[in-house]
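K.L.:
Once you've looked at the hints, dock chains B and C against the given chain A.
Residue numbers (this note's numbering), protein chains in the order written: chain A, 1 to 268; chain B, 1 to 263; chain C, 1 to 329.
Derived by calculation from the structure, the hints in this document are not laboratory data.
Keep in mind it's a predicted model, so treat the numbers as computed, not measured.
Don't take every hint at face value.
[Said to hold, decoys possible] Heads up, simulated DSS-like pairs for lysine-lysine below, C-alpha to C-alpha not over 25 Å straight-line: (1) 33/C to 15/B; (2) 15/B to 129/C; (3) 96/B to 130/C; (4) 4/B to 85/A; (5) 93/C to 170/B; (6) 247/B to 171/B; (7) 33/C to 19/A; (8) 129/C to 96/B; (9) 129/C to 19/B; (10) 247/B to 93/C; (11) 130/C to 15/B.
[Stated by the list, open to error] Stretch-level coverage of chain B by chain C, calculated; a stretch enters the list once three of its residues show a Cβ under 8 Å from a Cβ in chain C: (12) 13-23; (13) 99-106.
[Said to hold, decoys possible] A few chain B residues facing chain A, derived, Cβ under 8 Å: (14) 31; (15) 56; (16) 193; (17) 224.
By construction, the Cβ of each residue, glycine as well, lies at the ideal position given by its N, Cα and C atoms.
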Amino acid sequence: MKRLNKYFSIYKTSFKQEKDSIVNYFFRAINFFIIIFIFVQLWSYIYGENGTNQIINNYSLQQMIWYLIFSEMIYFSARTSLITKDISNEIKSGNLSYKINKPYNFYLYEICNFMAKSCFALIFFIPVAILIGFIFVGSIPNFTWLQILPCIISILFSVLINWIIYASVGMISFWTQDATPFGWIVTKLFMLLGLFFPLDFFPTWLQPIIFYSPIYSIFSGPATLVADFSWDLFASIIISQISWSVIIIILGLMIYNLGKKKVVSNGG
Amino acid sequence: MGVKNNFLLIFKYLKLNLKKEAQYKSSFVLQIIMMILNDLFFILQWIIVFSLTDSIGGYGFREVLVLWGLSAGSYGISHLFFYGAFNIGDFIYNGKLDVFLTQPKNILINVCCSSTSVAAIGDIFYCFIVFAIAGVTWWWYLAAIPIIIIGGIIFAALIVCYQTLAFYVKKGNAFADMVASSITLFSTYPPVIFDIVSKVFLYTIIPCGFMVFVPMQYIFLSFNIWWVLAMVGVAVVLVVLAFLLFKIGLKRYASGNLMGGRI
Amino acid sequence: MKVIEVKNLSKDFKLKKKYKGKEFWKHLFKKEKIIKKAVNNISFSVEEGEALAFIGPNGAGKSTTIKMLTGILYPTSGEISVLGLNPTKERAKLSRQIGTVFGQKEQLWVHLTAMDNFLFFGAIYDIPKKELLKRISELAEIFEINEFINQPVKSLSLGQRMKCEMVASLLHNPKILFFDEPTIGLDPVAKETLRMLIKKLNKELGITILFTSHDVGDIEEVCKRVIIINDGKIMLDDNMKNLKYHYLNKKIVEVNLIRDISIKEKEGIKILKAKNSMYKLEVDMNITTMEQLLGLFKADDLQDISISTTPLEDVIKSIYRRGKNEKTE
Numbered sequence: 001m002k003r004l005n006k007y008f009s010i011y012k013t014s015f016k017q018e019k020d021s022i023v024n025y026f027f028r029a030i031n032f033f034i035i036i037f038i039f040v041q042l043w044s045y046i047y048g049e050n051g052t053n054q055i056i057n058n059y060s061l062q063q064m065i066w067y068l069i070f071s072e073m074i075y076f077s078a079r080t081s082l083i084t085k086d087i088s089n090e091i092k093s094g095n096l097s098y099k100i101n102k103p104y105n106f107y108l109y110e111i112c113n114f115m116a117k118s119c120f121a122l123i124f125f126i127p128v129a130i131l132i133g134f135i136f137v138g139s140i141p142n143f144t145w146l147q148i149l150p151c152i153i154s155i156l157f158s159v160l161i162n163w164i165i166y167a168s169v170g171m172i173s174f175w176t177q178d179a180t181p182f183g184w185i186v187t188k189l190f191m192l193l194g195l196f197f198p199l200d201f202f203p204t205w206l207q208p209i210i211f212y213s214p215i216y217s218i219f220s221g222p223a224t225l226v227a228d229f230s231w232d233l234f235a236s237i238i239i240s241q242i243s244w245s246v247i248i249i250i251l252g253l254m255i256y257n258l259g260k261k262k263v264v265s266n267g268g
Numbered sequence: 001m002g003v004k005n006n007f008l009l010i011f012k013y014l015k016l017n018l019k020k021e022a023q024y025k026s027s028f029v030l031q032i033i034m035m036i037l038n039d040l041f042f043i044l045q046w047i048i049v050f051s052l053t054d055s056i057g058g059y060g061f062r063e064v065l066v067l068w069g070l071s072a073g074s075y076g077i078s079h080l081f082f083y084g085a086f087n088i089g090d091f092i093y094n095g096k097l098d099v100f101l102t103q104p105k106n107i108l109i110n111v112c113c114s115s116t117s118v119a120a121i122g123d124i125f126y127c128f129i130v131f132a133i134a135g136v137t138w139w140w141y142l143a144a145i146p147i148i149i150i151g152g153i154i155f156a157a158l159i160v161c162y163q164t165l166a167f168y169v170k171k172g173n174a175f176a177d178m179v180a181s182s183i184t185l186f187s188t189y190p191p192v193i194f195d196i197v198s199k200v201f202l203y204t205i206i207p208c209g210f211m212v213f214v215p216m217q218y219i220f221l222s223f224n225i226w227w228v229l230a231m232v233g234v235a236v237v238l239v240v241l242a243f244l245l246f247k248i249g250l251k252r253y254a255s256g257n258l259m260g261g262r263i
Numbered sequence: 001m002k003v004i005e006v007k008n009l010s011k012d013f014k015l016k017k018k019y020k021g022k023e024f025w026k027h028l029f030k031k032e033k034i035i036k037k038a039v040n041n042i043s044f045s046v047e048e049g050e051a052l053a054f055i056g057p058n059g060a061g062k063s064t065t066i067k068m069l070t071g072i073l074y075p076t077s078g079e080i081s082v083l084g085l086n087p088t089k090e091r092a093k094l095s096r097q098i099g100t101v102f103g104q105k106e107q108l109w110v111h112l113t114a115m116d117n118f119l120f121f122g123a124i125y126d127i128p129k130k131e132l133l134k135r136i137s138e139l140a141e142i143f144e145i146n147e148f149i150n151q152p153v154k155s156l157s158l159g160q161r162m163k164c165e166m167v168a169s170l171l172h173n174p175k176i177l178f179f180d181e182p183t184i185g186l187d188p189v190a191k192e193t194l195r196m197l198i199k200k201l202n203k204e205l206g207i208t209i210l211f212t213s214h215d216v217g218d219i220e221e222v223c224k225r226v227i228i229i230n231d232g233k234i235m236l237d238d239n240m241k242n243l244k245y246h247y248l249n250k251k252i253v254e255v256n257l258i259r260d261i262s263i264k265e266k267e268g269i270k271i272l273k274a275k276n277s278m279y280k281l282e283v284d285m286n287i288t289t290m291e292q293l294l295g296l297f298k299a300d301d302l303q304d305i306s307i308s309t310t311p312l313e314d315v316i317k318s319i320y321r322r323g324k325n326e327k328t329e
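Chain A with its partners taken away, still in its complex shape:
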């Protein structure tokens, strides 16, 4: 228990630190607004052209926009673009060799550090997301108060899985010069197959592949849960999220331990 206390205090410190960059959050909120604005314009046009109030692939315009708002919100809170770069820089700059000798596990340290930042971001962005949704399309269809807690749980998991994947990509830096370009590709893949479109929009042969991939755990799952809640859906999403968390953390720790040996033998 005492060992875990250490990580909790890392979490607390990072959370406090995040407060200082509150001004940046406002700018990111504007950015967020602009992205949603463009999506609204685009999808209103597509829905409008084929007659109003219609359903495309089981989604009404309202549901589509709520889906996009929450998948984009996860993307913003998870600070995807920074993780690979941060981890990669730690390794390349040789900072890591100092941290390895500290009495904590670097990998767990970074998870705590990051989760603190993301939680702060979520506290900021969830109200912003809801506000933007109300402005553009009105309330969530078939909303129940009961869905709040399951939605938050799955969003937290999604942010965690996001980090562990990008951290693993960042650790490619143990072997190559720069891992960030690999990060771009992963981001684009995730955006295309999860962030921009719900599962139903893909060809039928592709749907099971996405469903069983981490992309569903990060974007499609939680965002669908907000736009079209059901307990069955929640159960399937949470199972997929827990399994992927375990698998990728084990994988990440394995990569970290392999890479660590390389740093130690090279003397940094």
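P.N.:
Same frame as chain A, now just chains B and C:
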């Protein structure tokens, strides 16, 4: 002497910057290729959109590709030649303008050209790759060259204007970064989807309308010389404005009251 | 001929107070302003061909003064004339006639070779190629950088880098050279080489030199004249001879003897500390000589000896004290 000399300086800087980056050959090539791949993903996004509808206000798949090409091309030119423009705020905060101030050349040109983004080369390649995918006629390729150069200048000059906010407020560069990312976002969607209010916005406060929409609409889809001239005019005005705002801001930099710590 | 003239120069900085914790939110929009006088009403002038040092502790206002002289910062009040030009208004014109080296800010592109850098700076100053190459080879000779001129700057040692920085700042044949902390972070050998080079530039090429440092060692060999600055004010503007006589006259000598020999105090030699066979002595060079000191024991008995000058902080303290005494007298 002035103009020609500064013009040569831009290329001298680029040559030196590329020489610097080329020292890490594998990373140099990797960045370019990854950027092209990265851009190509968006083609897939549009394939899915166009599986739902045939055209968006007259913009079919082909037109969207060309629009994307112009946008990536302008982005590429501005980041290849004037990458420093996107980091002016950083230069200001860290007192990095000092060194440039001891040199006789124009400081803004010096700062803008002092670094480059290798990945931007990928963006420029991508412009012509999507033109090929869209299967456009030969003169479109030729026309694209001056268009993306002017577009790149518009982009860089506009960002300089916003970055000069860093002379006055602490998070000025964060605001400018936001403007930069909004421009890239807006300029990749067919202009027809935007309502009148946003159009006014796109032709004034963040004039990416002149960067990509105007050449698309009035050079490729139809031809209107007045709009083309307007694009060149906007580029000139923005460049003049950028120099002016930077010069005014520099006076504040020289007063030394920016960050406090820079004594 | 006077090349630099400074009259009643002052520079104020307005700082915003920083708040922590609860205070941070309270003062989010309304922050108290503090005015710091970085340079406070100083006047001096420099003759052509002089080598002048600005000495003072960190934050004394040395760099601020140099920045005002080169046109990077605008003064709050006062007049500056450098080579007959006003740095604030004629910065670009002035920059062609002066060279600058900032010890903490690199001008060079570290990923490129020194030669690439020189060619680039030549272009910045519009030097014709032929002339530039001639100039580079001359300077390379003086600075002895030929063996690493084609290596990337990042692979060079700090001392070698500093030499390259100096060459880069001399390409356009400046009349005055400004150095801001050129020896900072260098090892003693590199420091020594650099000091010799600065001296050479001044003596052989006749370049007027003005440099800042917080290391007394820098001035002893290089300069004939010193300005000591502290808290934005000139504490002392004097030639090296006087400074040495009044303030740097005391040496601290530590000796370690093989046998236990007792050393007695003499006129001008004071024992600060004595422990077994180890002695720490203060020697006033105005009263006595090193010879006298060494006469106190046989050379054969000596195991180790170190001689050091009084640290700058102590010198400044004693200048303060003198200033106060003079006032009361």
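K.L.:
Determine for every hint whether it applies to the structure shown.
P.N.:
Hints versus structure:
1. Between residue 33/C and residue 15/B the CA atoms are separated by roughly 46 Å; this puts the pair beyond 25 Å, and the hint is violated.
2. Restraint check for residue 15/B and residue 129/C: satisfied, since their Cα atoms lie roughly 17 Å apart, inside the 25 Å limit.
3. Taking the CA atoms of residue 96/B and residue 130/C, the gap is near 31 Å; set against the 25 Å cutoff, the hint is violated.
4. Distance restraint check for residue 4/B and residue 85/A: the Cα-Cα separation of roughly 40 Å exceeds the 25 Å cut-off, and the hinted pair is therefore not satisfied.
5. Pair hint residue 93/C plus residue 170/B does not hold up; C-alpha atoms about 32 Å apart against a cutoff of 25 Å.
6. Under the criterion of a C-alpha separation no larger than 25 Å, the hint pairing residue 247/B with residue 171/B is consistent with the structure, at around 20 Å.
7. Distance restraint check for residue 33/C and residue 19/A: the Cα-Cα separation of roughly 23 Å lies within the 25 Å cut-off, and the hinted pair is therefore satisfied.
8. With a C-alpha separation of about 28 Å, the suggested pairing of residue 129/C with residue 96/B is violated against the 25 Å cut-off.
9. At most 25 Å may separate the alpha-carbon atoms for a hinted pair to count; residue 129/C and residue 19/B meet this at roughly 20 Å.
10. With a C-alpha separation of about 17 Å, the suggested pair residue 247/B and residue 93/C falls inside the 25 Å cut-off, and the hint holds.
11. A threshold of 25 Å between alpha carbons decides the hint, and for residue 130/C with residue 15/B the separation of about 20 Å falls inside it, so the pair holds.
12. Given a C-beta distance limit of less than 8 Å, the hint that chain C covers the region 13-23 of chain B holds, as 4 residues qualify and 3 suffice.
13. Three residues within the 8 Å Cβ limit are the bar, and the region 99-106 of chain B against chain C gives 6, so the coverage statement holds.
14. Interface restraint check: residue 31/B against chain A, minimum CB-CB distance 6 Å, threshold 8 Å, status holds.
15. Satisfaction of the interface hint for residue 56/B is found here, the shortest Cβ-Cβ separation to chain A being roughly 6 Å, below the 8 Å cut-off.
16. For residue 193/B, the interface hint holds, since its Cβ comes within 8 Å of a Cβ in chain A; the closest pair sits about 5 Å apart.
17. Nearest Cβ of chain A to the Cβ of residue 224/B: about 24 Å, over the 8 Å cut. The hint is violated.
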